[in-house]
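So the chains spell out like this:
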Amino acid sequence: MIELKDINIPDDIKYAEDHEWVSVEAPFRIGVSDFAQDALGDLTYVELPEVGMKLTKGEEFGTLESTKSVSPLYSPLSGEVTAVNDLLEDEPGQVNSDPYGEGWIIEIAPANLDELDELLDAAAYQEKLEQEE
Amino acid sequence: MTHKFTPAGTGGLVLQEKLLWEKGRKGREGMSLVKSDVPPASLPADICGSGPDWPDLSEQEVARHYTRLSSWNFGVDTGMYPLGSCTMKYNPKINETMAALPGFSGAHPLLPASACQGSMRLIYELESYLAEIVGLKAASLQPAAGAHGELCGMLMIAAWHRHNEKSGAPRKTKVLIPDTAHGTNPATATMSGFTEVKVPLGPKGYIELAQIDKLMQDDVAGLMVTNPNTLGLFEQELADIIALIHQRGGLVYADGANLNAVMGYADLGRMGVDVVHYNLHKTMSTPHGGGGPGSGPVAVSETLIPFLPGPRVVKNGDKYEWQTDLPLSIGRLHGFHGQFGVAVKAYSYILSMGQNLKKASALAVLNANYIKEKLKGAFDLPFDQPCMHECVFTDAKQRAAKVSTLDIAKRLIDLGYHPPTVYFPLVVHSAIMIEPTETESKEDLDAFIAAMLEVAREAGEEPEKLHAAPTLTKARRMDETTAARKPVLTGDMMTGESK
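One line per chain: the protein sequences are R and V, in this order. For the first sequence, my numbering assigns the number 1 to the initial residue and increments by one for each residue that follows. For the second sequence, my numbering assigns the number 1 to the initial residue and increments by one for each residue that follows.
Derived from the structure by calculation, the hints contain no laboratory data. Idealized CB from N, CA, C, for every residue including glycine. Each hint should be verified, as a subset may be incorrect.
Unchecked claim - Going by beta-carbon spacing under 7 Å, a handful of chain V positions derived as facing chain R:
(1) Tyr423
(2) Leu426
(3) Ala484
Turn these sequences into a full structure, and let the hints guide you.
Below, the structure is given as structure tokens:
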């Protein structure tokens with residue numbers, strides 16, 4: 001477990017309460033935060049959705065399996081899945097080593113961009129993590 | 001005060017053992033086969049592969065191999081196994097004696113009813129006891145394990161809804177599942193054709209009526225609930241929640257994983273539960289894990305009786321018969337009649353305990369609360385309130401010393417204990433879930449508490465001991481990540497002779 005001050009929280013993306021992140025301009029990529037990957041531990045399997053799946057905000061779209069646990073992934077936005085990161089099928093550890101880069105999970109065509117405003121910015125996410133500590 | 005601690009685990013002779021493929025000699029066999037007296041006929045080459053790489057071993061080599069491996073093992077007959085939510089209680093040996101009676105162990109499942117009246121009586125009576133213990137109306141022994149029992153329960157709920165939809169009831173597509181549920185619950189809901197709606201926990205660690213009121217819509221089939229929940233807490237508002245769910249046309253499945261806390265105390269029938277599954281291998285002292293198989297009977301309310309799996313044993317006068325005319329039944333869930341040998345062990349346990357089943361639950365709860373109180377100074381206790389049969393700590397007090405839940409669990413192995421459940425339930429960050437069960441004596445509990453306090457002391461003073469643990473076992477820290485990402489599943493892959 002790394003300490004909170006060492007957690008990387010980029011400020012050009014938005015965060016969900018469930019620790020997913022989403023980019024704020026196209027392509028709208030979704031992944032999990034540095035905090036989430038650290039809490040989960042080494043990932044061993046990423047269950048990805050099919051391209052074309054329609055999601056509503058908060059809906060489960062996949063799972064992350066680590067040596068510790070299996071955790072659902074919830075979509076921070078409504079919309080249609082336009083791409084999935086196939087690399088993760090063979091290299092789930094990318095989510096651990098590069099959660100905001102090569103470890104992205106899906107791309108989505110948002111149905112309603114206003115939903116972005118309901119998500120946390122980096123400062124609010126940081127504050128949420130501090131409160132839970 | 002000087003600290004004295006004598007661990008239950010000590011060093012000793014640990015025998016080495018190779019893989020089966022590294023033992024023996026080409027051509028060695030464990031048996032002599034009779035010479036064939038028919039001419040050999042070869043199969044077409046295109047349907048033959050190279051065949052498996054069998055190890056070449058004598059019987060003695062095989063016997064020693066598995067005996068040596070078993071000496072590296074740890075089970076409830078070795079020591080305390082406080083694996084939360086798994087109820088690893090002691091398995092009384094009388095259960096094995098009963099299950100080995102030739103009339104039971106030799107009975108073929110295709111015997112005509114007239115030739116197995118005793119076995120049928122046992123099924124009939126055990127089903128009625130299991131229903132009685134939880135306050136429900138009928139039961140089925142068919143489900144072969146806990147998750148199978150869950151599936152059975154949810155298939156019955158689905159069948160009930162589909163039946164009602166024929167006469168105009170709204171289509172049900174969703175199931176409510178609390179945050180603390182076992183991972184099998186959402187899987188079961190999905191297998192039964194529903195999608196999961198997550199119910200967040202209230203601040204005190206249990207589900208709240210107000211949440212259910214919001215989520216229980218027309219398209220919701222009902223609720224899957226574990227009570228006591230996986231935090232070891234009794235669901236305080238459950239009776240009202242169930243009443244609301246019934247009022248809105250839903251049914252309630254109770255996960256029986258934690259029944260050991262409430263046997264003879266909680267009347268699930270009066271609570272309004274429609275179906276509950278038992279884990280006989282948890283609650284009824286039958287072997288668990290590798291010693292299994294498991295068994296996951298279900299008990300149901302009046303509403304669901306017609307939907308139970310069939311065929312069912314019924315009593316006609318003083319004869320037992322198979323009832324097969326069950327038009328609403330979800331059908332067979334098992335090739336025959338469930339894990340019959342396990343059922344004999346559970347029947348033996350229930351009869352030998354009698355009224356003391358209630359005492360078992362009382363002591364299971366007392367033991368968990370005793371451990372909780374003794375350890376809450378040394379370990380962080382996220383929900384500080386009376387618990388049921390298990391208590392949940394975290395590594396928060398050890399984190400400053402860079403000691404994690406995993407380190408604590410691994411160090412306990414060196415001190416002679418099986419680790420508790422770790423990193424579950426998911427709602428608690430880095431959980432350590434301890435379930436002592438009623439079968440540990442006060443001396444055993446005190447020894448375990450002393451071991452946990454020793455680990456807490458070491459975490460502060462000698463954290464490197466925890467990072468290095470376990471040191472006394474045959475194998476040290478396993479590389480769980482590589483094992484999961486690149487599994488080696490056959491012996492020839494291991495020895496590099498893969499064809």
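Hints, one by one, checked against the model:
Hint on Tyr423(V) holds. Least Cβ distance to chain R is approximately 4 Å, under the 7 Å limit. Taking 7 Å as the C-beta cut-off, the interface hint given for Leu426(V) holds, the closest approach to chain R being about 6 Å. Annotation: Ala484(V) was flagged as interfacial toward chain R, and the flag holds, the nearest CB pair being 4 Å apart, inside 7 Å.
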